[in-house]
Every structure is written in structure tokens, then in C-alpha cells.
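Protein chains: 4
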Amino acid sequence: MTKPILMDARALNDFVTRDFGQVAADFTVDAVTDQGIRLRLIVADRHLRPGGTVSGPTMFALADVAVYLAILSRIGPVALAVTTGCSIDFMRKPEAGRDLYCDVRLLKLGRVLAVADALIFSDGVEDPVARANMTYSIPPAPGR
Amino acid sequence: MTKPILMDARALNDFVTRDFGQVAADFTVDAVTDQGIRLRLIVADRHLRPGGTVSGPTMFALADVAVYLAILSRIGPVALAVTTGCSIDFMRKPEAGRDLYCDVRLLKLGRVLAVADALIFSDGVEDPVARANMTYSIPPAPGR
Amino acid sequence: MTKPILMDARALNDFVTRDFGQVAADFTVDAVTDQGIRLRLIVADRHLRPGGTVSGPTMFALADVAVYLAILSRIGPVALAVTTGCSIDFMRKPEAGRDLYCDVRLLKLGRVLAVADALIFSDGVEDPVARANMTYSIPPAPGR
Amino acid sequence: MTKPILMDARALNDFVTRDFGQVAADFTVDAVTDQGIRLRLIVADRHLRPGGTVSGPTMFALADVAVYLAILSRIGPVALAVTTGCSIDFMRKPEAGRDLYCDVRLLKLGRVLAVADALIFSDGVEDPVARANMTYSIPPAPGR
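Those sequence lines, one after another, are chains A, B, C and D. Quick note, the first sequence lines up with residues 1274 to 1417 if you use the numbering used here. Quick note, the second sequence lines up with residues 1274 to 1417 if you use the numbering used here. Quick note, the third sequence lines up with residues 1274 to 1417 if you use the numbering used here. Quick note, the fourth sequence lines up with residues 1274 to 1417 if you use the numbering used here.
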């Protein structure tokens, strides 16, 4: 699925800084890719479970934000997309002491519905720690 | 699925207070039920999105903790169950200014795998705001 | 979620006989319930895997048809609802030589989107063999 | 995830012909790939819904068989893997009159659990018609 890129990594990061309030410090867009984006989670103590691995809800949030920003990268900051569903598999324990990153592939970007999948990796490790697919509802915007 | 109850609401709440650290204040077990448990999220500012509704990752965490505690209510605090998968649908916006609660039904509690579903409600509102199903892996415990 | 019932079991069975062609003989609506419907799969050789248990795709089809008919029971035979997503867990092996039935709960029946969950049982056995949740898109109908 | 290939396309097709009985004629392995396999559904009338598009349960079966064979391509025909879960999104209507093919990526191939995702395409069309992820349980085999 190839759609023109309307927001690059810098534009997305500015958007996150401006609009994401307290969680803006958690995330940084590494790249806008042919198929979606790569989003990094800057791991901090508040993301960890006992044992030093990133918690499940934090990985869910990483995938959720990553898909949201991937959609905005193609439709611009105009719309208020809403998560309608997510299916996630936790496959391996994240490595302690490493950032996570999330690679998103946009699979469908329709007028009212978007579908994407995401793989989450511990930085520097080959096998993914989690996979997710997410569906978003895209409310009609004035003039679209 | 009916299994004897090994931990009641008080025992589960004590466990949460002791072992859940910083997030213990978020949750309270309202009841252990025939089919599972009811877990309450005591909504605070840190759970909210702009507009005053509870965020998706917070609802994911609520379902995740609720299923985890439902499993412990039947197998006791001995095992370290690990979430392996979750599928969640967000159906309605939670009402601002209300707690959420989550009703868990245990559907399978096998030797190595547990499956449950969960409905999340805004307290006092009839229709559910989200539904989830979760699978947990139960590592072998000494002597089980 | 309580919506008035527009089609009862007889009306749904007539609809299946008329519109479902070759698979009409597989299914019968046992009841329209407060929350949805109960649909029965009349198990035949073509549904079985080696060993005599019902195949996964057959259980998927049972849940899919059951949710579709549950939606029609509340909105009538006017619309052409389309499955957009399904998440299914296979929990136990179905018993050989028994019908399966599927209990549907409608969780959301919006203007454009429906969400339901379903439990599949071997007739006469307490624990469910599978659970599924399904989302349907409901195209706009003239006059609705 | 790179694992040595134990069964190539010819070995898998021989296995399907020998062990899949009545549905063997539906499927052919086009290729064993670096990440998994590509499986083709040879579309026939029995797979179609009114309107000439492939039915949902048929696409579920395609993804299910494709992941199963991808697992066997890496572990050999020794084990009896069992589907434990599937999450599938139907994104576009398949084109009438075209075969479907399914590209599988193995994401985890553990001792007892396998996870894979799959994209389904109408042959000759760029955008996928469906995506699925599946989990399989791999029973212990003698000598493994």
C-alpha cells in the first residue's frame, strides 16, 4: 500500500511534543518508511515490570501510538482517528536495558477504516518480542 | 467452568497491595464471582486522555490485571502466569468522571494455558465500553 | 444490550433456507435469546477432521453465521452485513458424534458497526470448545 | 526468524496430497520462502459466496493451512500442530475469477508454541484482501 507521505519524522515528532502531553517524552519517530513508520520507546523505570522487562500495557501503548502516527503520516494532522480494535501476541521477553522500537505496516487506509500491523523489537535483537494488528476508525473531517 | 476459589477478594487485594508496587492504588477487587472476578479501576488523572475519557492502554491494563487475578483466585498465588495474547475491541467511549469495572469469565484453566474473556463497563452504565479476551501461559510450578 | 426482536427463530430459519443455498442444511436457529441467538451446526462428515472432530474452519463458519443471524434478528433482513474481523480461540477438542451449538451475545449494534461474542459448545458438554468475537460492518440501507 | 528448511515445496505438496483427503485439491504450495511459505488456493465454485467472491471461512482455512504447512516446513512432518488461536481482518473484497495466495511469516517457533502472520492476496492485485495471525500449539514428539 503506497500513499504519499504528508508528515515526515520531524513533523510527527513536533506533533507528539505539542499534543501528547505527559507521554511525549516516551516516544520518538525514528523514520517514516515506505510502508508506515518506525517508532521508538525510550524505556524508563515507569515502563518496567519487576525483573526489568517492559510491561504488556506499555507495549500495547507503543503499538497503538505507532499505528496512530503511521496513519497521520499519510492523512495529515487533520483527523481524530480512534482505535477500535487490537490483537496482540507477546512472543518473547524484552531484553532489559534496551529501547524497544515498533515497525508499522499500513495495510488499509480507507475513507472510514484503517488497518495496520506492527512488530515490536528490542533494539539490537533480531527476533520480535511482540506483534500486533490494529484497526482504527477515521471520523469524517470537514472538506474530506 | 467451575473451580474452587482459593483466594477471595480480600486475599487478592492483599496480594495486589503487596506485589503490585506503584499501580496497586489503581485497582481493587470488588468480588470473586462464580465465573471469575470483578475488578475496579479507580480512575485518576493519569489514566485519562484529553476530553476526560480513560485511555486505551489503561483499559488494556485493566483487562490484563483482571484476568491475571481471576486466574490466581483459582490456582493461588504460587504461579507466575504470563500474558501471551489479547484481542480487544473498544466499542464506546467511557463516561468521564466514573470508575470502570471489568467482569472476567474464566473459560479454560488448563495445566499450561488459561483463556478468559472480559467486559469493561463505566460504573452505572448498562452497555459495555470494551471487550477483551486474553490467553495466559502458566509456567509449571514445583509440586503442581 | 437490549433491542427489539424483528425476526424470530422461524423467520431466521426461513431466511437461511431461502438465501444460504448449499450450506442451509448445516445450520438451524434453536432460539432467539435476550442477548442474541443460539445457532446449531448439524454435524456431517464434511465438517470433520481425521479423528472425528469438527474442523477449525467449520467452527469459524458457525460463529460467523451465528453472529450474522443475530444481527439480522435485530435489524431485519434488509441489510447486507459484512464480516470485518474475527478473533477466535480453540480451547478444547469438540466431542465426536455430537452437534455443536453457538451462543451469541450482541455487544454493540451501531449504525455502521456491530460487535458480538460467541461461545461454541459440544451439545451436552459443559465447558465451551471455542470462543470468538466478531465485528461486522453494516452498510447504509435506503431509508435507515 | 531463520530456521533451516526441512521440507521444500515438493515435499509439502506430497504431504498435502497424501494426508489432506478431500481438500488436497484446493491448495498448492507455490514456494517455501526465507520467512515461511506461499500457499495458493485454487478457487472453485464451492469456495464462493453469491457475487463470486471467496467466502470468509475459505480465507480462514487458507490462512490456517498455510501457517500449518509453514511450521511443518521447519520442523518436518513429525508433529501434529494444533491451532489454538486466530485473529483475522477482512480488508477488501477478493476479485472474482482469481486465485488467492497467502504469504506466511513465521514469527516464533518455540518448543511448544508457534506464532505466524499471513497476508492473503488476489493473484495479480497489489493490496491484500485479508490479514491473519495464528498461534499453534506443538505437542511434544518422541525424541524431540
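Because the hints were derived from the structure by calculation, they are not lab data. Do not take every clue at face value.
One copy or two, it doesn't matter: identical chains are merged, so the pair holds either way.
[Unchecked claim] Calculated lysine to any residue pairs in the SDA-like style (CA-CA distance at most 20 Å, straight line): (1) 1276 with 1411; (2) 1381 with 1292; (3) 1366 with 1410; (4) 1276 with 1307; (5) 1366 with 1303; (6) 1366 with 1323; (7) 1276 with 1350; (8) 1381 with 1301; (9) 1381 with 1396; (10) 1366 with 1381; (11) 1366 with 1396; (12) 1366 with 1382.
None of these values were measured; they are calculated from a predicted model.
Each hint, compared with the structure:
Taking identical chains as interchangeable, the C-alpha atoms of residue 1276 and residue 1411 lie at most 20 Å apart only when both belong to the same chain, with a minimum of 16 Å there against 27 Å between chains. Taking CA atoms no more than 20 Å apart as the test, residue 1381 paired with residue 1292 passes in neither setting, with 25 Å inside one copy and 31 Å between copies. Proximity of residue 1366 and residue 1410 under a CA criterion of 20 Å is satisfied inter-copy only: 13 Å between copies versus 31 Å inside one chain copy. With identical chains, the CA atoms of residue 1276 and residue 1307 are at most 20 Å apart within one copy only, with a shortest distance of 9 Å there and 27 Å across copies.
Taking the shortest Cα distances, residue 1366 and residue 1303 never come within 20 Å of each other, neither inside one copy (23 Å) nor across copies (31 Å). For the identical chains of this complex, residue 1366 and residue 1323 are intra-copy neighbours only, at 12 Å inside a copy versus 32 Å across copies, given an alpha-carbon limit of 20 Å. For the homomeric pair residue 1276 and residue 1350, the shortest alpha-carbon distance inside one copy (15 Å) is at most 20 Å, but the shortest distance between copies (38 Å) is not. For a Cα distance limit of 20 Å, the shortest separation of residue 1381 from residue 1301 qualifies neither inside one copy, at 24 Å, nor across copies, at 27 Å.
For the identical chains of this complex, residue 1381 and residue 1396 are inter-copy neighbours only, at 18 Å across copies versus 27 Å inside a copy, given an alpha-carbon limit of 20 Å. In this assembly of identical chains, residue 1366 and residue 1381 lie within 20 Å of each other by CA distance solely across copies; the values are 12 Å between and 30 Å within a copy. With identical chains, the CA atoms of residue 1366 and residue 1396 are at most 20 Å apart within one copy only, with a shortest distance of 13 Å there and 35 Å across copies. For the identical chains of this complex, residue 1366 and residue 1382 are inter-copy neighbours only, at 15 Å across copies versus 31 Å inside a copy, given an alpha-carbon limit of 20 Å.
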